[in-house]
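Please put together the full structure from these sequences, using the hints given.
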Amino acid sequence: MKPSFKRLWGVPVALGIFTAAGLLSALLGDGIWDDLSALALAIPVAVAAWHIFGKSG
Amino acid sequence: MKAHRLRQWAWIHKWSSLICTVFMLLLCLTGLPLIFHHQIERLLGQNIEAPELPAGAPRISLDRVMQIAKSQFPDRNGMFVSQEADDDRVWYVTMSRTPSSEDELKQVAVDARTGQVLGQPRLDEGFLHVMYKLHVDLFAGLPGTLFLGCMGLLLALAIVSGVILYAPFMQKLEFGTVRRDNSPRVKWLDLHNLLGIATLTWALVVTLTGIVNTLADPIIALWQRDQVSEMVAPYKGLPPPARLGSLQQAVDAAHALEPEMAVKFVAFPGTSFATPHHYGVFMRGNTPATTRLLKPVLVDAQTARVTDSRSPPWYVTALLVSQPLHFGDYGGTAMQILWALLDLATIVVLGSGLYLWFKRKRRAAERRAPAPLGKGG
Chain A
1 MKPSFKRLWG
11 VPVALGIFTA
21 AGLLSALLGD
31 GIWDDLSALA
41 LAIPVAVAAW
51 HIFGKSG
Chain B
1 MKAHRLRQWA
11 WIHKWSSLIC
21 TVFMLLLCLT
31 GLPLIFHHQI
41 ERLLGQNIEA
51 PELPAGAPRI
61 SLDRVMQIAK
71 SQFPDRNGMF
81 VSQEADDDRV
91 WYVTMSRTPS
101 SEDELKQVAV
111 DARTGQVLGQ
121 PRLDEGFLHV
131 MYKLHVDLFA
141 GLPGTLFLGC
151 MGLLLALAIV
161 SGVILYAPFM
171 QKLEFGTVRR
181 DNSPRVKWLD
191 LHNLLGIATL
201 TWALVVTLTG
211 IVNTLADPII
221 ALWQRDQVSE
231 MVAPYKGLPP
241 PARLGSLQQA
251 VDAAHALEPE
261 MAVKFVAFPG
271 TSFATPHHYG
281 VFMRGNTPAT
291 TRLLKPVLVD
301 AQTARVTDSR
311 SPPWYVTALL
321 VSQPLHFGDY
331 GGTAMQILWA
341 LLDLATIVVL
351 GSGLYLWFKR
361 KRRAAERRAP
371 APLGKGG
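If you read the protein sequences in the order shown, they are chains A and B.
46 is the number that this note's numbering gives to position 46 of the first sequence; each next residue is one higher, with no gaps.
151 is the number that this note's numbering gives to position 151 of the second sequence; each next residue is one higher, with no gaps.
A couple of the hints might just be wrong.
Derived contacts from chain A toward chain B, CB cut-off under 7 Å, selection only [said to hold, decoys possible]:
#1 V11
#2 G16
#3 T19
#4 A20
#5 D34
#6 A38
Just some of the chain A residues that point at chain B, by a computed CB distance under 10 Å [stated by the list, open to error]:
#7 G10
#8 P12
#9 F18
#10 L27
#11 D30
#12 D35
#13 S37
#14 A42
#15 P44
#16 A49
Honestly, the hints are just simulated from the structure, not real lab data.
Backbone N, C-alpha and C define an ideal beta-carbon position, used for all residues, glycine too.
Below you can see the structure in the form of structure tokens.
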């Protein structure tokens, strides 16, 4: 993988994978799977919030 | 990417989003309370609560449930009987004047153990109903729904073209850069890109499943034509039964066929989920992975014998799986809150997109007419 591709798409692809895993996890199980789902779905929200509110305060 | 290709994608992104943005903002805003409809109903005191009884309390027959419901609305007949997936203590009986009525429906909630009437949920009034109608069909029936489906297609196109445009815009920037010290236009462009790419997968899933949901009526009609008509071929030309047989016996017959499954709802003969000769008993799975999947059992409404039962075709399964992925109602409260946050982020993406278009248009106009008199804008 070219470094420029990784720099551009690395985070977006990772967020996409977390979101997809979160959407599926709660669909296929209950209990712990619901918790894992919430955790995974919270990652893109948290990353966006950190870049908007977190860095410069 | 070549410059002219880029311009093409920019053109697609601009027009696909411009056309759908107003409707998508409406869907995001009306969808927000719908995510929390259970909590809101509880807040408004419209929820149905069954009293606590010792587990394993005996249940009354469904025929008795129907008698009780009918005593509430003597001029109406049964249309559907249903249960919520997480509460088998309540039967919801939907009643209408004719089996194919679409309005003036009434509902009675009956305690499955005591037969106590727990309430009459109002189906066609109130805040949530207005939100629901605006979200689903703009008060315009099937044409409204299909129109929103087309707007959803445009949004899907806007999302895909937006991802393609993300690359050239972010070529020289670190992920998540927000250039605050620059002009507001640059700041909002960065926010648009950041929130758009962070919510991409969720937004795409909710958009595509929303589109599938707009096709619910045609999908059900196709299923009727394809599979159901085949299943009831032996009844062709026979007059519908003058008197319906026992509902409880019909449900028992379905249970005997699928002992591992639970009843989700029963459609009365003549409704769109049954045939004129049958109860349509819709069974659902009992595990998290199968609870959304339905298996219809057609039970002869007079003899209470199973006529046929087949797994639905792939397009019905696709519809059933699309529903939770659109509603976000399958992972508890934490998921509902995240759904709301992602929905709010989408509102910001839509709003900032509109703002950027507006700013750009104004800048272009100013460039065309660099009027020293200051009449531009």
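Here is what the structure says about each hint:
1. Taken as an interface hint, V11(A) checks out: its beta carbon lies about 4 Å from the nearest beta carbon of chain B, inside 7 Å.
2. Because the beta carbon of G16(A) sits about 4 Å from the nearest beta carbon in chain B, less than 7 Å, this interface hint is met.
3. Restraint check, T19(A) versus chain B: the minimum CB separation of about 4 Å is within 7 Å; hint holds.
4. Annotation: interface hint on A20(A) holds; nearest CB of chain B at approximately 6 Å, less than 7 Å.
5. Contact between D34(A) and chain B, as hinted, is supported at the beta carbon level, the nearest pair being about 5 Å apart and thus within 7 Å.
6. Hint status for A38(A) relative to chain B: holds, with the closest Cβ pair at about 4 Å, below 7 Å.
7. A cut of 10 Å between beta carbons decides the hint on G10(A): the least distance to chain B is about 7 Å, and the hint holds.
8. Checking P12(A) against chain B: minimum C-beta separation of about 5 Å stays under 10 Å; hint holds.
9. About 8 Å separates the beta-carbon of F18(A) from the nearest beta-carbon of chain B, less than 10 Å, and the hint is met.
10. With its C-beta approaching chain B no nearer than about 6 Å, L27(A) sits inside the 10 Å limit, and its interface hint holds.
11. Interface restraint check for D30(A): the shortest CB-CB distance to chain B comes to about 5 Å, inside 10 Å, so the restraint holds.
12. Look at D35(A): its Cβ gets to within about 7 Å of chain B, closer than 10 Å, so that hint holds up.
13. At its closest, the beta carbon of S37(A) sits 5 Å from a beta carbon of chain B; the interface hint therefore holds under the 10 Å criterion.
14. With 10 Å as the threshold, the beta carbon of A42(A) comes within range of chain B, its nearest partner Cβ sitting at about 6 Å, so the hint holds.
15. The beta carbon of P44(A) comes within 5 Å of a beta carbon in chain B, closer than 10 Å, and the hint placing it at the interface holds.
16. With 10 Å as the threshold, the beta carbon of A49(A) comes within range of chain B, its nearest partner Cβ sitting at about 9 Å, so the hint holds.
Against the hints set out earlier in the document, no violation occurs for any number.
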